[in-house]
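Chains as they are written, first to last, in numbering that gives the first Met the number 0: chain A, 0 to 102; chain B, 0 to 419.
Heads up, some of the hints might be wrong.
Stated by the list, open to error - Under 7 Å between C-beta atoms, here's a sample of chain B residues computed to sit facing chain A: (1) 51; (2) 53; (3) 246; (4) 321.
Claimed, not checked - Dumping the calculated SDA-like pairs for lysine to any residue here, alpha-carbon to alpha-carbon at most 20 Å: (5) 30(B) to 64(B); (6) 64(B) to 20(B); (7) 242(B) to 231(B); (8) 22(B) to 328(B); (9) 68(A) to 23(A); (10) 322(B) to 51(A); (11) 68(A) to 240(B); (12) 58(A) to 243(B); (13) 322(B) to 10(A); (14) 368(B) to 51(A); (15) 68(A) to 41(A); (16) 242(B) to 21(A); (17) 23(B) to 58(A); (18) 68(A) to 222(B); (19) 58(A) to 19(B); (20) 368(B) to 222(B); (21) 322(B) to 46(A); (22) 322(B) to 68(A); (23) 64(B) to 19(B); (24) 64(B) to 198(B); (25) 322(B) to 21(A); (26) 58(A) to 265(B); (27) 58(A) to 41(A); (28) 242(B) to 66(A); (29) 282(B) to 293(B).
These are calculated hints, taken from the structure and not from any lab test. All of these numbers come straight from a predicted model, not from anything done at the bench. Glycine included, C-beta positions come from ideal geometry on N, C-alpha and C.
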Amino acid sequence: MTPEPAADDLKGTVLRILGGIAPEADLGTLRPDVSFRDQLDIDSMDFLNFVIALHEELKVDIPESDYPKLSSLNGCVAYLNAARGARSSIGSSPGSKPGQPGR
Amino acid sequence: MAEFLMPSLGADMSTGTLVAWHKKPGDPVTKGDVIAEVDTDKAVIEIEAFTTGVFEKVLVQTGTKVPVGTPLALIREESQPAAAPPKPETPSPSPAAGPSKRRGPTPAAQAAPVQATPEAGRLRISPSARQLAADLGVDPATVQGTGPEGAVTRRDIEQAATAKAKGQGRGAREVIGKPAVEPIAQGPSPGASAAEAGDRQVRMRQAIAAAMVRSKREIPHYYLSTTIDMSPALTWMQETNAKRPVSDRLLYGVLLIKAVALALREVPELNARWAEGQAVPSKDIHVGVAISLRQGGLVAPALHNTDDHSLEELMRMFRDLVKRARAGSLRGSELADPTITVTSLGEQGIETVFGVIYPPQVALVGFGKVVERPWVVEGKLMPRPVITATLSADHRVSDGHRGGLFLGAVERLLQEPGQL
């Protein structure tokens with residue numbers, strides 16, 4: 000079983016994915032409590048690609064209704080942490096659906 | 000023998016630099032194969048073959064900048080026998096090489112006027128013609144002068160601009176003027192330096208400026224606007240997205256694009272190109288989508304045969320197009336083929352955008368931000384998400400009545416998103 004990433008790793012993962020989507024951005028100055036969209040030039044397509052990358056890398060299912068929770072770096076880490084907890088509690092039984100974090 | 004020409008990839012392109020050949024003499028070529036890469040003012044573009052056959056001969060070496068319409072290579076088409084034993088490939092020209100070295104011995108090439116490239120500053124052209132050339136995005140050094148002692152006249156410039164418009168697309172055959180070859184040290188690479196990136200920014204701005212000046216000078220725009228209830232479309236999309244894996248989810252922009260494409264079937268005169276003083280309808284609907292580039296500027300490549308694809312297919316195509324546009328790996332056909340452009344500034348919070356038509360197209364559709372507004376439904380006031388749709392259209396080609404029917408069709412189609 001793959002070990003779950005720690006919060007710091009989650010932050011690093013989020014920043015790395017963001018860096019791939021907005022390579023011109025200086026992520027070192029990103030304010031963690033402020034919306035990505037207010038700090039980076041990202042649009043709906045960029046955000047969808049961001050969610051797809053999170054899903055593929057962390058195996059987290061993110062319903063569209065939860066997108067607002069992913070709007071900032073702090074929000075992302077909190078959401079993904081919760082998703083990790085939800086998955087470890089409900090996602091281990093055979094045949095169960097992927098976790099529905101944040102609901 | 001078919002000539003593979005430097006294509007015109009939009010009204011804002013007058014020259015291109017050959018960056019790489021993907022084929023060598025003797026290689027089989029299938030229509031649609033990427034056979035070369037060309038650096039325009041906007042990006043490095045992959046250029047596809049327009050015919051099937053055998054790659055016969057290179058006429059222009061990599062690193063060479065030539066005007067739109069210049070033969071780059073010869074392709075022996077499938078039905079043709081080999082004309083002559085293959086000759087050794089022409090060696091790369093040195094910067095001092097004359098332009099005539101790279102001309103193919105075809106009748107078309109011979110018919111095109113070829114003369115020695117004049118030195119900078121010795122071009123015979125009046126200030127008035129030079130200003131006109133700047134306005135129309137024509138490099139006067141690429142135009143064959145017909146005035147006294149070969150002077151370039153205003154008429155020469157106008158004809159060159161018309162020829163350039165005619166030459167849109169892969170089938171371009173017109174050679175605007177003499178080759179005016181300007182070899183450069185080396186073509187830009189994906190790892191271009193900051194200075195090169197800055198230079199591209201300047202050139203992109205100049206290219207956009209030329210196209211927009213031409214549009215505003217030549218095209219009598221008229222503008223229409225309507226507000227569309229997006230509740231059915233957004234509700235349907237949320238419901239369908241809830242059932243989809245994240246990688247298959249739709250963005251509402253795709254619904255807008257598909258609605259535009261289907262509405263064009265009802266009002267086809269907006270799906271055309273202006274050439275030689277008249278509108279030439281397009282049987283295919285290739286919606287160009289305006290994509291802003293991260294380093295500045297924009298491109299509007301085509302989603303080919305937009306009306307024939309499902310929303311799922313269009314979404315995949317759209318994602319791929321945005322990714323490649325921003326990575327600088329678009330194909331020539333995607334830049335040359337759009338028959339109308341759709342732009343949206345909703346992401347920037349803009350509610351209404353009246354766009355400038357991209358010549359030789361004859362219409363542009365704009366969408367703003369989805370906003371909650373009071374809306375009357377069956378006599379009751381309620382909040383609804385609405386979007387402002389606009390049409391900028393060429394009054395030489397269509398009238399407000401037809402434009403209104405088009406926007407009406409877009410609105411109607413968006414009320415039944417499951418049918419898109």
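Now for the hints, and whether the structure bears them out:
no.: 1; hint: 51; result: violated, 35 Å
no.: 2; hint: 53; result: violated, 40 Å
no.: 3; hint: 246; result: holds, 5 Å
no.: 4; hint: 321; result: holds, 5 Å
no.: 5; hint: 30(B) to 64(B); result: violated, 24 Å
no.: 6; hint: 64(B) to 20(B); result: holds, 14 Å
no.: 7; hint: 242(B) to 231(B); result: holds, 17 Å
no.: 8; hint: 22(B) to 328(B); result: holds, 18 Å
no.: 9; hint: 68(A) to 23(A); result: violated, 24 Å
no.: 10; hint: 322(B) to 51(A); result: holds, 14 Å
no.: 11; hint: 68(A) to 240(B); result: holds, 17 Å
no.: 12; hint: 58(A) to 243(B); result: holds, 15 Å
no.: 13; hint: 322(B) to 10(A); result: violated, 24 Å
no.: 14; hint: 368(B) to 51(A); result: violated, 24 Å
no.: 15; hint: 68(A) to 41(A); result: holds, 16 Å
no.: 16; hint: 242(B) to 21(A); result: violated, 29 Å
no.: 17; hint: 23(B) to 58(A); result: violated, 45 Å
no.: 18; hint: 68(A) to 222(B); result: violated, 39 Å
no.: 19; hint: 58(A) to 19(B); result: violated, 40 Å
no.: 20; hint: 368(B) to 222(B); result: holds, 18 Å
no.: 21; hint: 322(B) to 46(A); result: holds, 13 Å
no.: 22; hint: 322(B) to 68(A); result: violated, 25 Å
no.: 23; hint: 64(B) to 19(B); result: holds, 12 Å
no.: 24; hint: 64(B) to 198(B); result: holds, 16 Å
no.: 25; hint: 322(B) to 21(A); result: holds, 12 Å
no.: 26; hint: 58(A) to 265(B); result: violated, 45 Å
no.: 27; hint: 58(A) to 41(A); result: violated, 23 Å
no.: 28; hint: 242(B) to 66(A); result: holds, 16 Å
no.: 29; hint: 282(B) to 293(B); result: violated, 34 Å
Going through the hint list in order, the structure does not satisfy hints 1, 2, 5, 9, 13, 14, 16, 17, 18, 19, 22, 26, 27, 29.
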